[in-house]
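Asker: One-letter residues, chain by chain:
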Amino acid sequence: DTEVTQTPKHLVMGMTNKKSLKCEQHMGHRAMYWYKQKAKKPPELMFVYSYEKLSINESVPSRFSPECPNSSLLNLHLHALQPEDSALYLCASSQAAGTSGSWEGYEQYFGPGTRLTVT
Amino acid sequence: AQKVTQAQTEISVVEKEDVTLDCVYETRDTTYYLFWYKQPPSGELVFLIRRNSFDEQNEISGRYSWNFQKSTSSFNFTITASQVVDSAVYFCALSESYSGNTPLVFGKGTRLSVIA
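Read top to bottom, the protein sequences are chains Z and F.
Under my numbering, the residue at position 20 of the first sequence is numbered 20, and the numbers go up by one with no gaps.
Numbers given in my numbering equal positions in the second sequence, counted from 1, plus 1000.
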């Protein structure tokens, strides 16, 4: 099973709302990722978790707050977003080395994404 | 610094034609990994292939084939007898060998349109 699921598929929220994006995988992967993708652009990395610990935060504004409650789940909490945050948000997972937690060289499997519109 | 260049922004072909998508990369590392992903209009990125820098064998999977040449720092992707379902954006990506780096550096993508 190489499936990563994401909910919701579509989300429309106002700038004062609080919402969460959810991602789940059951491949036993220990690295999980959030990406943001604008139209006609490649995905941009936001966060990386390895063994449930935040390993990379690509200088993402604090209105985006990631959470990794367990090895299968990854959330992205959204608060006070701006219209320019409208994008496709992609979750991915991959294997990670047991001792170092490194994800180097492992392919990532992506979910279908959440299309977010901020009004 | 890592860099991936996909010089072809958009390609349009007629069904059953062969098409090659180019990917050129830059890295100072001797150990690295190259990937191709497909993103159909639905939005999900689909993993197609991974290659490590020590394996220069070309690979064929059905109508897909990949040509990895370290001498020219290229990892090109060919679709033989293209079909409408091949219409998508294709991303080439690079990963270096140590975890401090960004896991995947994507090229800007090539949008392939296959016309019936």
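Source of the hints: derived by calculation from the structure; they are not laboratory data.
One or more hints might be untrue.
[Claimed, not checked] In silico lysine-lysine, DSS-like type, Cα no more than 30 Å apart, as pairs:
#, chain 1, residue 1, chain 2, residue 2
1, F, K1038, F, K1070
2, F, K1070, Z, K53
3, Z, K40, F, K1003
4, Z, K38, F, K1003
5, Z, K41, F, K1003
6, F, K1108, Z, K40
7, F, K1038, Z, K22
8, F, K1038, Z, K36
9, Z, K9, Z, K40
10, Z, K19, Z, K53
11, F, K1016, Z, K36
Quick caveat, the model's predicted, so the values are computed rather than measured.
Asker: Is it true that the CA of K41/Z sits at most 30 Å from the CA of K1003/F?
Answerer: holds, 15 Å
Asker: Taking 30 Å as the top limit, are the C-alpha atoms of K19/Z and K53/Z close enough?
Answerer: Distance ~22 Å between K19/Z and K53/Z Cα, so the pair holds.
Asker: Does the structure keep K9/Z and K40/Z at a Cα separation of 30 Å or less?
Answerer: holds, 19 Å
Asker: Given the hint that K1038/F pairs with K36/Z, does the C-alpha gap stay at or below 30 Å?
Answerer: Satisfied, since the Cα-Cα distance of roughly 17 Å is no more than 30 Å.
Asker: Are the Cα atoms of K1070/F and K53/Z separated by 30 Å or less?
Answerer: violated, 35 Å
Asker: Under the criterion that the straight-line Cα-Cα distance not exceed 30 Å, is the pair K1016/F, K36/Z satisfied?
Answerer: violated, 34 Å
Asker: Compare the distance between the alpha carbons of K1108/F and K40/Z with 30 Å, and conclude whether the hinted pair is satisfied.
Answerer: holds, 8 Å
Asker: Within 30 Å, alpha carbon to alpha carbon, are K38/Z and K1003/F?
Answerer: OK: K38/Z and K1003/F at ~20 Å, within 30 Å.
Asker: Would the pair K1038/F and K22/Z pass a check requiring their Cα atoms to be no farther apart than 30 Å?
Answerer: holds, 23 Å
Asker: Taking only the CA atoms, is the gap from K1038/F to K1070/F under or equal to 30 Å?
Answerer: holds, 23 Å
Asker: For the pair supplied as a hint, K40/Z and K1003/F, is the alpha-carbon distance within the 30 Å limit?
Answerer: holds, 18 Å
Of the hints listed earlier, those the structure fails to meet are numbers 2 and 11, in rising order.
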